[in-house]
Structure formats: structure tokens, C-alpha cells
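Construct all of the structure, not just a fragment, from the sequences and the given hints.
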Amino acid sequence: MTSDKPLQIATTAITSGRDGSNALAPSLSTSSTWSSSGLEESNRQANALHQTGNYSRYANPTVEAFEHAVAELENTE
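Under the numbering used here, think of the first position of the sequence shown as 114, with each following residue one higher.
Rather than coming from a laboratory, the hints here were simulated on the basis of the structure.
Warning: the hint list may mix true and false statements.
Label-pair restraints from in silico Cβ distances [claimed, not checked]:
#	residue 1	residue 2	range
1	134	186	12 to 22 angstroms
2	125	153	12 to 22 angstroms
3	126	148	30 to 40 angstroms
4	159	120	20 to 30 angstroms
5	177	155	33 to 43 angstroms
Ideal Cβ positions, reconstructed from N, Cα and C, are used throughout, including at glycine.
The following block contains the structure:
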């Protein structure tokens with residue numbers, strides 16, 4: 114049974130950022146670097162405006178999950 118009624122903030126707070134895997138807590142990514150398909154891909158990622166996927170200082174899956182959870186709480190992207 115589903116409802117069109119919006120979730121209360123407390124419900125949103127405890128469910129935000131969940132990926133549908135039924136895990137009670139999100140995975141923590143402890144790696145600081147990731148592999149790429151080659152030099153061109155590494156250069157593209159390193160020079161991108163919104164850097165993703167090659168160095169943890171700029172982006173990593175744990176931080177991205179947190180950003181998505183905060184966006185859900187703020188009802189924004």
C-alpha cells in the first residue's frame with residue numbers, strides 16, 4: 114500500500130541516500146584512487162569541471178551518497 118502523502122522530515126532523514134540494496138548503512142569507500150580505462154580518460158576526469166572517479170579528494174562514492182542524502186533532505190538536487 115502506497116500513499117501520495119509526502120514523507121515527514123524524520124522519515125526522510127532516516128531513509129535519505131539509501132540505494133535500494135536493503136543495507137542498513139551505506140557502504141564506506143576507503144580507497145583514495147581509482148583505475149581508469151586509460152590516459153585519455155584520466156585526463157578527462159582530472160580536467161572536468163565536476164571531478165569524479167579518479168581521486169578521493171575531489172569525489173568518492175561515500176561523499177556522493179552523503180551529498181544525495183542532504184539533497185533529499187533539502188528537497189533539491
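Now for the hints, and whether the structure bears them out:
1. In this structure the hint that residue 134 and residue 186 lie 12 to 22 angstroms apart at CB holds, the actual value being about 20 angstroms.
2. The hinted window of 12 to 22 angstroms between residue 125 and residue 153 is violated, with their beta carbons roughly 41 angstroms apart.
3. The supplied range of 30 to 40 angstroms is met by residue 126 and residue 148, whose beta-carbon atoms lie about 35 angstroms from each other.
4. At roughly 39 angstroms, the beta carbons of residue 159 and residue 120 sit outside the given window of 20 to 30 angstroms.
5. Between residue 177 and residue 155 the beta carbons are some 19 angstroms apart, a value that contradicts the proposed interval 33 to 43 angstroms.
This entry does not satisfy hints 2, 4 and 5, going by the numbered hints stated previously.
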